[in-house]
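Novice: If you're matching them up, the sequences are chains A and B in order.
In short: position in the first sequence from 1, add 34, done, that's the numbering used here.
In short: position in the second sequence from 1, add 82, done, that's the numbering used here.
Take these hints with a grain of salt, some might be off.
Stated by the list, open to error - A few chain B residues that face chain A, going by a derived Cβ cut-off under 8 Å, partial list only: (1) Arg-105; (2) Ala-107; (3) Gln-111; (4) Glu-116; (5) Gly-121; (6) Ile-132; (7) Trp-134; (8) Ile-136.
To be verified - Output of the computed footprint for chain B on chain A, the stretches with three or more beta carbons under 8 Å from beta carbons of chain B: (9) 40 to 54; (10) 88 to 98; (11) 114 to 121; (12) 152 to 159; (13) 218 to 229.
Calculated directly from the structure, the hints in this document are not laboratory data.
Fair warning: this is a prediction, and the values are worked out from it, not measured in the lab.
Here a beta-carbon is modelled for each residue, glycine too, at the ideal position from N, C-alpha and C.
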Amino acid sequence: MSAAPAPRDGHVAEPLRAELPGLGIVSLTLPAPRARRSPSGVREHLAMLSTRFRGADALALRQRPVPHAYRVAFRHVGLDPDVTRTPVEAAAIERLVQGGFVSRGLLDDALTIALVETGVPLWALDAGAVRGDLQLRLVTDGERLGDDSAAAPLPDGQIVVADAHAALAPLFGEPAASHAVGRDTADLLLYALRVDGIPPLQVEEALWQCADVLAAERGDGGRLGSRWS
Amino acid sequence: MVVIADHQLLPQLGGEAEEGPARRALRSQIARLERELAGLTTEATPRDRIAWSIGGEGGPRLLGLGELERVRDDLAERLHEVRETLAARAAREAEKRALLERMLRDPGRHRFVRVSAADVGEPGCGVWHVRPRLGLIGMLMGWWQVKLSSGCPLSRPAAGPA
Chain A
35 MSAAPAPRDG HVAEPLRAEL PGLGIVSLTL PAPRARRSPS GVREHLAMLS TRFRGADALA
95 LRQRPVPHAY RVAFRHVGLD PDVTRTPVEA AAIERLVQGG FVSRGLLDDA LTIALVETGV
155 PLWALDAGAV RGDLQLRLVT DGERLGDDSA AAPLPDGQIV VADAHAALAP LFGEPAASHA
215 VGRDTADLLL YALRVDGIPP LQVEEALWQC ADVLAAERGD GGRLGSRWS
Chain B
83 MVVIADHQLL PQLGGEAEEG PARRALRSQI ARLERELAGL TTEATPRDRI AWSIGGEGGP
143 RLLGLGELER VRDDLAERLH EVRETLAARA AREAEKRALL ERMLRDPGRH RFVRVSAADV
203 GEPGCGVWHV RPRLGLIGML MGWWQVKLSS GCPLSRPAAG PA
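With the hints as constraints, model all of the structure from the sequences given.
Specialist: So, in structure tokens, the structure goes:
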């Protein structure tokens, strides 16, 4: 693993690039956090976000440029964002229901902080289970999610996040269990989905926000430490 | 890198040359309608009972021309419904505000009429109520006044089984 990880743009299959020109995938490989539980600083950050984010913010969320862009992207691929919530809206609703952003472990907390701070959703995979670069493509005949041969075949034409070997997650969906981050994960592969209307810088910012939270646990100085060491 | 032959799926979407511009136009219309619909969320209240969902198209996948048209039409229809709902509520509230003004000007002509804060689009549980001053005496003497009850009713324990 390189001392200075950099976000990488994944390949987007030609039909997707032609039809949805703004769609993209950006990934970043990082060492997996050693700790499961979030340190107090991360829990305080979540608590601060909880107080900053209220009911009125949740209502106005869909009018903000980044959440709006994801809502539009959902519509463009046949998802109804009022049924299948965009990740930031799902987080907002959970915040209102739970009364705050609840700490669920360091990785989940880092993903939530990056999501709420930037509006860009991130997912994490076990980098050791991913073969080759991430890409966005359409499902081919009888393909299944991950390495699980017992899983139901994906519908033809579905848009998926994939590696060189298999489909790993539906677009905007949760990754296959076979590639999820577990106890034995040495490196994380974070990825974000870019959609039309989202500047590349915003997506990179989300990845670095998440990396910073994870780096704080390692005590290596976060963003500056990883970029400039 | 695996090369995926997803060009097989293009015929389902129609020829790029003929329908591509139409699909792009539909996507930009969907984006505009979504923005307009989002702009109305802050004006709506739970009392409006607005159903925002239009249903999905079995995504995530590339939508064909007909499916994009359906999304666009459903969004346009939903936008129209939401605007109508909000306009109807605005008209009802304007009517109630006018009634409240008349009540305040001439309580005697609006005996026992009640207008709540919700009726005029105000937050809270206040109710303007035309009541006789000094109870029965005021009723007999024609002394009417508008009283504003403030605050929400105290919560009561849920009725248990008998």
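Novice: Confirm or reject each hint.
Specialist: Quick rundown of the hints versus the structure:
1. Arg-105: holds, 7 Å
2. Ala-107: violated, 13 Å
3. Gln-111: violated, 11 Å
4. Glu-116: Holds. Min distance 5 Å.
5. Gly-121: Holds - the Cβ of Gly-121(B) comes within 8 Å of chain A, reaching about 6 Å at its closest.
6. Ile-132: violated, 10 Å
7. Trp-134: Holds, about 5 Å.
8. Ile-136: holds, 6 Å
9. 40 to 54: holds (count 8)
10. 88 to 98: holds (count 4)
11. 114 to 121: With 4 residues closer than 8 Å to chain B, the region 114 to 121 of chain A meets the three-residue bar; holds.
12. 152 to 159: violated (count 0)
13. 218 to 229: Coverage by chain B is violated here, the residue count being 0 at a Cβ distance below 8 Å.
Against the hints set out earlier in the document, violations occur for numbers 2, 3, 6, 12, 13.
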